[in-house]
Amino acid sequence: MKPVSRRKLITTGIAATAGAAGLTVAARLAERYGLIPPDHSGFYGPGETLTYASQRMLTTHSLAREFPRSMISKSPFANEISPPNDAFQRHQTNGFSDWRLSVDGMVAHAGSLSLSDLKSLPMRSQITEVACEEGWSYIAEWIGTPLIEVLHAVGALPQARYVAYFSIDSDWWDSIDMADALHPQTLLTWGMNDGDLPVSFGGPLRMRVPRQLGYKSVKFINRLIVTDSLKHFGKGLGSAAPEAGYAWYAGI
Amino acid sequence: MASASNPETSRHSAIVRVTHWLTVISFVALLISGAEIVISHPRFYWGEAGNVRTAPLFTLPIPASRKTVPTAYGYVMPDQNGWSRYLHFQAAWLVVLTGLFYVISILWNGHLRKDLLPAPTDRRWRAFREVFARYLRRTPPQEAEAHSYNVVQRTAYLIVIFLLFPLVIWTGLAMSPAFNSAVPVAVNALGGRQSARTLHFFVSGSILLFVVVHVAMVIHAGFTRRVRAMVTGRAVESPESREFQARV
Numbered sequence: 001m002k003p004v005s006r007r008k009l010i011t012t013g014i015a016a017t018a019g020a021a022g023l024t025v026a027a028r029l030a031e032r033y034g035l036i037p038p039d040h041s042g043f044y045g046p047g048e049t050l051t052y053a054s055q056r057m058l059t060t061h062s063l064a065r066e067f068p069r070s071m072i073s074k075s076p077f078a079n080e081i082s083p084p085n086d087a088f089q090r091h092q093t094n095g096f097s098d099w100r101l102s103v104d105g106m107v108a109h110a111g112s113l114s115l116s117d118l119k120s121l122p123m124r125s126q127i128t129e130v131a132c133e134e135g136w137s138y139i140a141e142w143i144g145t146p147l148i149e150v151l152h153a154v155g156a157l158p159q160a161r162y163v164a165y166f167s168i169d170s171d172w173w174d175s176i177d178m179a180d181a182l183h184p185q186t187l188l189t190w191g192m193n194d195g196d197l198p199v200s201f202g203g204p205l206r207m208r209v210p211r212q213l214g215y216k217s218v219k220f221i222n223r224l225i226v227t228d229s230l231k232h233f234g235k236g237l238g239s240a241a242p243e244a245g246y247a248w249y250a251g252i
Numbered sequence: 001m002a003s004a005s006n007p008e009t010s011r012h013s014a015i016v017r018v019t020h021w022l023t024v025i026s027f028v029a030l031l032i033s034g035a036e037i038v039i040s041h042p043r044f045y046w047g048e049a050g051n052v053r054t055a056p057l058f059t060l061p062i063p064a065s066r067k068t069v070p071t072a073y074g075y076v077m078p079d080q081n082g083w084s085r086y087l088h089f090q091a092a093w094l095v096v097l098t099g100l101f102y103v104i105s106i107l108w109n110g111h112l113r114k115d116l117l118p119a120p121t122d123r124r125w126r127a128f129r130e131v132f133a134r135y136l137r138r139t140p141p142q143e144a145e146a147h148s149y150n151v152v153q154r155t156a157y158l159i160v161i162f163l164l165f166p167l168v169i170w171t172g173l174a175m176s177p178a179f180n181s182a183v184p185v186a187v188n189a190l191g192g193r194q195s196a197r198t199l200h201f202f203v204s205g206s207i208l209l210f211v212v213v214h215v216a217m218v219i220h221a222g223f224t225r226r227v228r229a230m231v232t233g234r235a236v237e238s239p240e241s242r243e244f245q246a247r248v
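Taken in sequence, the protein lines are chains A and B. Per the numbering used here, residue 1 is the first one in the first sequence, and the count goes up by one each step. Per the numbering used here, residue 1 is the first one in the second sequence, and the count goes up by one each step.
These are calculated hints, taken from the structure and not from any lab test. All values reported here derive from a predicted model rather than from experimental measurement. Even for Gly, the Cβ is constructed at its ideal location relative to N, Cα and C. Possibly wrong hints are sitting among the right ones.
List time: in silico SDA-like cross-link candidates among lysine to any residue, alpha-carbon distance up to 25 Å [as the list claims (entries may be wrong)]: (1) B:67 to A:60; (2) A:119 to A:102; (3) A:235 to B:80; (4) A:119 to A:196; (5) B:67 to A:56; (6) A:119 to A:47; (7) B:114 to B:28; (8) A:231 to A:160; (9) A:8 to B:80; (10) B:114 to B:67; (11) B:67 to A:172; (12) B:67 to A:77; (13) B:67 to B:201; (14) B:67 to A:102; (15) A:235 to A:178; (16) B:114 to B:57; (17) A:119 to A:8; (18) A:235 to A:47; (19) A:231 to A:243; (20) A:74 to B:57; (21) A:74 to B:58; (22) A:74 to B:67; (23) A:235 to B:225; (24) B:67 to A:78; (25) A:231 to A:88; (26) B:67 to A:149; (27) B:67 to A:47; (28) B:114 to B:58.
Not close to chain A: a few residues of chain B, all C-beta gaps over 12 Å, as computed [to be verified]: (29) 49; (30) 89; (31) 183.
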């Protein structure tokens, strides 16, 4: 063992202090700028936080890639869905004529919108890829009402930090931060490839979040809650995904 | 260069040892979790999009962990993607940060120039052929090789550090929809998302091949001694090697 020089001791000490102080400041700043994901605790918390924080800084305003019409998949894969429950089947029998999207939480005008209310708001269509965490993907045209239009219509409060969204299938809900909620490509989707959104692809209403993997694009949406904290939703991890072992943030 | 009379000499610096073992931990985690993720869809495609309703480039002859993937097996493996994905990205962060620290260090301290770039006299095919001939004759490692890398080792390490690791990180990031939204050229330059996934699989396989050969060579050179050197930093000469040196 070599004797440790005084200079080395001092520089190491300064470096360690600077490192610890830097980490504390970084954690404070990350919290302040909303760079800490709700599933940040536990063994995988550090990796999850690094991924979310770095991607959020890199992607705040970036747009998911859009493709030419010629690249739309000829045979998109719907993936399996849990058998629709009775309530869903009743809606299906009625042709979804009384499907409603309720919006509450931190909004000026809580209430609910019918599909035609939604369609009367400004719409958007885009050709984007659905990428499943399993590895497969397909490209489709998605037509819908940008979530930001709905948030404007109901008067989302400026303190809002997340939008939680719920499927009629009560086990299935998720949430996104305001960077994704206010993002122009985040669509409450009711159309696909020039037709109505088929039930197998999440019709009558699916949340499409094209900058994240497919599991964030929850099918059969009938409720939104605008909130400043996810602590009181489910187990407080942000969505049903982490409760089943999957990351809340699915940008990677 | 240490003399043969001093059997215990410095071999690996602290930076090399710490980054080596951090990389070992990350690699094992990435390999296990990566294999788990592949099992959920053991089909590979080329281009932008691909799924069970499109023709695969090739299919791995293994069962899948999802019912929706057609395989020749009558059963479905348990779904382990949740923790596998968490672990994969956590280990990826560890290996990326370790790798950055390592590369900056070896550029800074001269390890790259002194120990990894082949010496000018070794930058020819003959030097490679001589090393391979020694390997094939199973000649015990020369004294110099306890303290320095030969031209084949140097080339292999340089390929892993400066080609395979950057490629595996790039092809991995090119599967991230958020990263691709910010840096679309990352995926477009590879020919699409499914091409990136297929390339990620092959580059990972190349790194695995390197690790298998690396461990085989460590075993050939004396597993305990070489592993001890990578832990303590000190090289102890093998009796055979000293004998060999005495003969020549």
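Evaluated hints:
1. B:67 to A:60: Violated - the C-alpha atoms of residue 60 of chain A and residue 67 of chain B are around 36 Å apart, more than 25 Å.
2. A:119 to A:102: Within the cut-off at roughly 15 Å; holds.
3. A:235 to B:80: Within the cut-off at roughly 21 Å; holds.
4. A:119 to A:196: holds, 12 Å
5. B:67 to A:56: Not satisfied, since the Cα-Cα distance of roughly 33 Å exceeds 25 Å.
6. A:119 to A:47: violated, 40 Å
7. B:114 to B:28: Violated, at roughly 29 Å.
8. A:231 to A:160: Given pair residue 231 of chain A, residue 160 of chain A holds - Cα atoms ~14 Å apart, limit 25 Å.
9. A:8 to B:80: violated, 46 Å
10. B:114 to B:67: violated, 54 Å
11. B:67 to A:172: Between residue 67 of chain B and residue 172 of chain A the Cα gap is close to 20 Å, so the pair holds against 25 Å.
12. B:67 to A:77: holds, 13 Å
13. B:67 to B:201: holds, 22 Å
14. B:67 to A:102: violated, 34 Å
15. A:235 to A:178: Within the cut-off at roughly 21 Å; holds.
16. B:114 to B:57: It is violated: about 43 Å lies between the C-alpha atoms, which goes past 25 Å.
17. A:119 to A:8: Outside the cut-off at roughly 68 Å; violated.
18. A:235 to A:47: holds, 20 Å
19. A:231 to A:243: Judged against 25 Å, a Cα distance of about 13 Å means the pair holds.
20. A:74 to B:57: holds, 17 Å
21. A:74 to B:58: Status holds; Cα separation ~20 Å.
22. A:74 to B:67: holds, 22 Å
23. A:235 to B:225: violated, 50 Å
24. B:67 to A:78: Holds, at roughly 13 Å.
25. A:231 to A:88: Roughly 28 Å between the alpha carbons, so the hint for residue 231 of chain A and residue 88 of chain A is violated.
26. B:67 to A:149: violated, 38 Å
27. B:67 to A:47: Roughly 29 Å between the alpha carbons, so the hint for residue 67 of chain B and residue 47 of chain A is violated.
28. B:114 to B:58: violated, 43 Å
29. 49: At about 5 Å from chain A, residue 49 of chain B fails to clear the 12 Å cut-off, so the statement is violated.
30. 89: violated, 5 Å
31. 183: violated, 8 Å
The structure fails to meet hints 1, 5, 6, 7, 9, 10, 14, 16, 17, 23, 25, 26, 27, 28, 29, 30 and 31 from the earlier list, while all remaining hints are met.
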